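K.L.:
Make a model of the complete structure from these sequences and hints.
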Amino acid sequence: MIQPVSATQDNLAISVSGSGGTGAVTVGLILLEAIAKAGFYGVMTRSFGPQIRGGESAVMLNLSDHPIETLAEFSHIHLALDWLKFERFSDEIPLTQDSLVIYDNSREKPPGLVENSGAKLIGIGLQNAVKTIKGSRMNMFALGILTQQIGLDLTFIEAALKRTLGKKGDDVISTSLEAIQAGMRMIPDSHYEKLSHWHPTQKPRWNISGNEACGLGALRGGLKLAAAYPITPATDIVEYLAPRIEKLGGRVLIAEDELAAMNMVIGGSFGGLPSMTATSGPGFSLMTEAMGLAIASETPALVVTVMRGGPSTGIPTKSEQTDLNQVLYGFHGEAPHVVIAPLNVQEMVTISQWSLGLAEALQTLVVEVSDQHLGQSRVIIDPIPPVDFNLKRLRPPATTSDYQRYELTQEAVSPIAWPGTPDTQYTADGLEHTETGKPSSMAKEHQQQLTKRAQKITQHNYGEHWAKVTETLNATVLVITWGSSYEAVRIAVEALNQQGADISLLGLRLLMPLQTEQIQAVAKDKTVIVIEQNASGQLFHYLLSDNAIPRNSQSIAEAGPILFKPSTVQTALIHCLEGLK
Amino acid sequence: MNAMNTTSNAHPHLKKTHQNMAWVLAAINEMIEESIYHCETFCHTLHTHHNLIAAKVFEQFCPQFLSEQALIQDSIKTISLPEIPPWEIPYHDYIHPVNALTHAHYLMSESDAWKLMHEMVQVHSCFYSYLLDKNQQPEIESLLKALRKLNMECQKICRQHQSYNDALPDDLDPPISQS
Amino acid sequence: MTHASQTPLEKITVKTVKPTEYLSNVHPVWCPGCGHFFILRALTKALAWLKLPKEQIGLVSGIGCSSRLPAYLNVYGFHGVHGRALALASGLKANRPDLTVLVAGGDGDGYSIGGNHFIHACRRNMDITYIVMDNEVYGMTKGQPSPTTPAEWQSKLTPQGTGVARFNPMGIALAAGASFIARGFSGDPNGLTKLMTEAIQHKGFSLIEIKSPCVTFRPEEKAWQKSMRSLNVSPSSNPAEAAKSIYSSDGFDTGIFYQADLPVYEPTNTPCENPADVLAEIEKELNV
Chain P
1 MIQPVSATQD NLAISVSGSG GTGAVTVGLI LLEAIAKAGF YGVMTRSFGP
51 QIRGGESAVM LNLSDHPIET LAEFSHIHLA LDWLKFERFS DEIPLTQDSL
101 VIYDNSREKP PGLVENSGAK LIGIGLQNAV KTIKGSRMNM FALGILTQQI
151 GLDLTFIEAA LKRTLGKKGD DVISTSLEAI QAGMRMIPDS HYEKLSHWHP
201 TQKPRWNISG NEACGLGALR GGLKLAAAYP ITPATDIVEY LAPRIEKLGG
251 RVLIAEDELA AMNMVIGGSF GGLPSMTATS GPGFSLMTEA MGLAIASETP
301 ALVVTVMRGG PSTGIPTKSE QTDLNQVLYG FHGEAPHVVI APLNVQEMVT
351 ISQWSLGLAE ALQTLVVEVS DQHLGQSRVI IDPIPPVDFN LKRLRPPATT
401 SDYQRYELTQ EAVSPIAWPG TPDTQYTADG LEHTETGKPS SMAKEHQQQL
451 TKRAQKITQH NYGEHWAKVT ETLNATVLVI TWGSSYEAVR IAVEALNQQG
501 ADISLLGLRL LMPLQTEQIQ AVAKDKTVIV IEQNASGQLF HYLLSDNAIP
551 RNSQSIAEAG PILFKPSTVQ TALIHCLEGL K
Chain B
1 MNAMNTTSNA HPHLKKTHQN MAWVLAAINE MIEESIYHCE TFCHTLHTHH
51 NLIAAKVFEQ FCPQFLSEQA LIQDSIKTIS LPEIPPWEIP YHDYIHPVNA
101 LTHAHYLMSE SDAWKLMHEM VQVHSCFYSY LLDKNQQPEI ESLLKALRKL
151 NMECQKICRQ HQSYNDALPD DLDPPISQS
Chain W
1 MTHASQTPLE KITVKTVKPT EYLSNVHPVW CPGCGHFFIL RALTKALAWL
51 KLPKEQIGLV SGIGCSSRLP AYLNVYGFHG VHGRALALAS GLKANRPDLT
101 VLVAGGDGDG YSIGGNHFIH ACRRNMDITY IVMDNEVYGM TKGQPSPTTP
151 AEWQSKLTPQ GTGVARFNPM GIALAAGASF IARGFSGDPN GLTKLMTEAI
201 QHKGFSLIEI KSPCVTFRPE EKAWQKSMRS LNVSPSSNPA EAAKSIYSSD
251 GFDTGIFYQA DLPVYEPTNT PCENPADVLA EIEKELNV
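The listed protein sequences correspond, in order, to chains P, B and W.
Numbering-wise (our numbering), the first sequence opens with residue 1 and increments by one.
Numbering-wise (our numbering), the second sequence opens with residue 1 and increments by one.
Numbering-wise (our numbering), the third sequence opens with residue 1 and increments by one.
The set of hints was computed from the structure by calculation and includes no laboratory data.
Because the structure is a prediction, the values reported are computed rather than measured.
Don't take every hint at face value.
PhoX-like mimics (lysine-lysine), calculated; alpha carbons at most 25 Å apart, straight line [what the hints assert, rightly or not]:
hint: 1; chain 1: W; residue 1: K142; chain 2: W; residue 2: K222
hint: 2; chain 1: W; residue 1: K156; chain 2: P; residue 2: K438
hint: 3; chain 1: W; residue 1: K142; chain 2: P; residue 2: K438
hint: 4; chain 1: P; residue 1: K468; chain 2: P; residue 2: K565
hint: 5; chain 1: W; residue 1: K284; chain 2: P; residue 2: K168
hint: 6; chain 1: W; residue 1: K222; chain 2: B; residue 2: K115
hint: 7; chain 1: P; residue 1: K162; chain 2: W; residue 2: K54
hint: 8; chain 1: P; residue 1: K203; chain 2: P; residue 2: K162
hint: 9; chain 1: W; residue 1: K222; chain 2: W; residue 2: K156
hint: 10; chain 1: P; residue 1: K247; chain 2: W; residue 2: K284
hint: 11; chain 1: P; residue 1: K120; chain 2: P; residue 2: K109
hint: 12; chain 1: P; residue 1: K438; chain 2: W; residue 2: K54
hint: 13; chain 1: P; residue 1: K247; chain 2: P; residue 2: K392
hint: 14; chain 1: P; residue 1: K167; chain 2: W; residue 2: K284
hint: 15; chain 1: B; residue 1: K15; chain 2: W; residue 2: K18
hint: 16; chain 1: P; residue 1: K203; chain 2: W; residue 2: K284
hint: 17; chain 1: B; residue 1: K56; chain 2: B; residue 2: K115
hint: 18; chain 1: P; residue 1: K468; chain 2: P; residue 2: K526
hint: 19; chain 1: W; residue 1: K156; chain 2: W; residue 2: K51
hint: 20; chain 1: W; residue 1: K226; chain 2: B; residue 2: K15
hint: 21; chain 1: B; residue 1: K15; chain 2: W; residue 2: K51
hint: 22; chain 1: P; residue 1: K247; chain 2: P; residue 2: K167
hint: 23; chain 1: W; residue 1: K226; chain 2: B; residue 2: K115
hint: 24; chain 1: B; residue 1: K77; chain 2: W; residue 2: K18
hint: 25; chain 1: B; residue 1: K149; chain 2: B; residue 2: K134
Ranges of calculated distance between the beta carbons of each label pair, as one might list FRET restraints [to be verified]:
hint: 26; chain 1: B; residue 1: E40; chain 2: P; residue 2: A398; range: 33 to 39 Å
hint: 27; chain 1: P; residue 1: G169; chain 2: W; residue 2: E241; range: 48 to 54 Å
hint: 28; chain 1: W; residue 1: D98; chain 2: P; residue 2: Q447; range: 36 to 42 Å
hint: 29; chain 1: B; residue 1: T48; chain 2: P; residue 2: R551; range: 51 to 57 Å
hint: 30; chain 1: P; residue 1: W418; chain 2: W; residue 2: N274; range: 20 to 26 Å
hint: 31; chain 1: W; residue 1: K244; chain 2: B; residue 2: E40; range: 40 to 46 Å
hint: 32; chain 1: W; residue 1: H27; chain 2: P; residue 2: T458; range: 32 to 38 Å
hint: 33; chain 1: P; residue 1: W418; chain 2: W; residue 2: T270; range: 52 to 58 Å
hint: 34; chain 1: W; residue 1: P271; chain 2: P; residue 2: G169; range: 36 to 42 Å
hint: 35; chain 1: P; residue 1: H191; chain 2: W; residue 2: P271; range: 52 to 58 Å
Glycine included, every Cβ here is placed at the ideal spot set by N, Cα and C.
P.N.:
If you want it as structure tokens, here you go:
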């Protein structure tokens, strides 16, 4: 499912920052698209101040001639449209003595942290340049400077410009192009002309964000209703769906709160059509009661949660893998359900489609766990071919007499009737019930039904998708990780293996039901290290509690919102391995 | 019995087609159906609330209503009954037979149950009297007289049983006392 | 609207659908005397009168005595969580506009824990009928005051009374944008059947606020029988006039207070003939 990428690939990291309205983000979007058109790959992340509009913003691009999703170790080139509140981005835009910093010297001086980094600084008169071309914007000069610095052909920039700003009209395009060309002449020497050494591909590729990929996967799975309440950083999913789902015979329903959103999903799904919601930690908290209803009433429902820093309002715009306990244990009663986490943006389309299919086929709640980093990263990837999981609702036979909605069956999945069908009326219930759906508080019926609800999930054959296992011959160590940590960990492990280490890697997608025996088989005779982006080691403790990993396993758990980079993982792993000796 | 107030204006759904045989039959049938349905429903809930004595009264009395209905069924043979809008009331002071049932109680005594039955039977009786008063058609008149005769017997049964001197049993586990 | 009452008797239609056909084999376990019994009967009579096929009805409820209703009917039912029935029903109606969607619940379920959903269901004005069985008390948890309980009513939880003014469901519904607002009384089965028939036929969000005595925890409510007036209100399509009649009523008037032709929210529901082609078109947007 996932294309492996080389651990030692060459990359080019570019960042752009500026206060509100300077257009730093637009520079990033055009540059990413142009790089893609030139035959390369890349990932772009963003960071914003707390202001709704007009705040400081930054984009970070990591480019390569191979698929890439990790954050850069440091910025090769940083372009500052101004220095207002630049300190906010110091974590996300690391500068070293190998960095080149280009800035507008007609305004603020570079802050101390930039000067102290040892980066090479070039100040230029961007503000004055704008005055030379009527109607031009400073960010287009900046784009020109970057184009020249990395040796990118102008034709790609022009094509990307048309796609990104095309709606603004020909005048804007021609003025922008003029400014870009003027920008290219401002610093004629190219300091990071890496592109000429890279091998461009002619293959078709996609420019997609993780949240868009999630929406697309759901559409492929036949989604017909998305009900949601706005929340950062999940809203993009619903915004992606809104204009598209209608063309596919579906609809978006805006809820008054998350309690309503989850109940709308259940109602829509009871109506017979695949339904989902998208939310983040605080919204998930509000939805948990109704999620229990989906489980008890055996109503298919997909909930995508895009994790952010917590608890409470926490850090809405930044990433942390901190809600694992919530998605596993946030319910009252015995509440067996399915929890799935894609490992990168590339697999988000297919894993989302799979998640929706599982909800339909198993008639239960499926929680798909993403996070701010996966969701809001924009990447260039190879197109994702369609898959048919053949996961559908089991319907009663055409002529059914004595229909029992919660009938005990071999597979523990009972046929679910389509409202509108004569003779199969039933009442779905959150109260414990008999096979017919009649409320019951009897021990026998409770045990039968809770066993049924658990069995249908544990008995299902999840196939190869439960995890991404990369085994190394004679490995003595197994690293287990999940979600957005996967890419950085994978590159770190590959790098260590090239230096002579023998480490196997397990990226766990199916978090519930936990495939304990399969994990035990992979972990056999190995020392296990669990890596995750949260302070308390939630995955580590989960795996330990189920005896999926041995008692002497190690935990590398780091709070967000500064995300793992391959180098930080590598350092932590070396430290951990040395401690084991 | 406490009648629900109607305004001084005519009831918006007052029916005045009592000269029509089919309508008369349908209206009576509708009333009896209501009584039977609620008799059976309350019999069941009294059972559920472990008041078997009162439940038995409802159970025992149901056949009486069924025999009233049987008389109607005999007359229906040659007539197609019209579908009466379920909100129509047959005459201005009509009281729905279920009005009495608001006074049912899970600990009601046997004589209380008979008293409620009696009130329901009286609703039937009032309707028959009203129709007899308004109607001169011979075939309707003979049916109504037959119905009233049966109804009188029912009233007699109810009266006999109400004479029981069975006080309401104490509720030893009452719901928490509220104002 | 056509009533058979206006049809000459010569054009006789024979009763083909019986109210009992809408009942399931589960018997109600409400307290003997409870007003909800008569509401259930009125509902089945309205459904039979409208000849709605059982399988075309979706009945959604929350939690409480009244919310047990779906189990007693032989329709597609959903007995969900406390207070969220209207939200669940909105999702159902969005995906299945072909179904007749009914919601049933009590005063606590709808006006307290479900208050926000009540407001927004009114505002959305989807074609849903909301049947509230208002007994001014929490019966299932054994006698606590609800939003419609009078301020002076004393209970174990509120020994001095609630001290809080009552919620005005019909006033709120009008302000929030419901397009059909009526009050009914469980002790007036005929009038109630009429209101239910009208509400189900009305295109838009219909609230029927039904006074239904709780004979166990509010036995004094049996006296409502003396005070309620059968269908004495005539509907207005003017919100200002409706507000006047809602606010000037002593709470014992029944009938339709407000019925207006307001925009009904109907999410897009155009079936897709060629999903594979449309998906391919959508995916094309992603191409570099």
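K.L.:
Does the structure break any of the earlier hints, and which numbers would those be?
P.N.:
2, 7, 19 and 33
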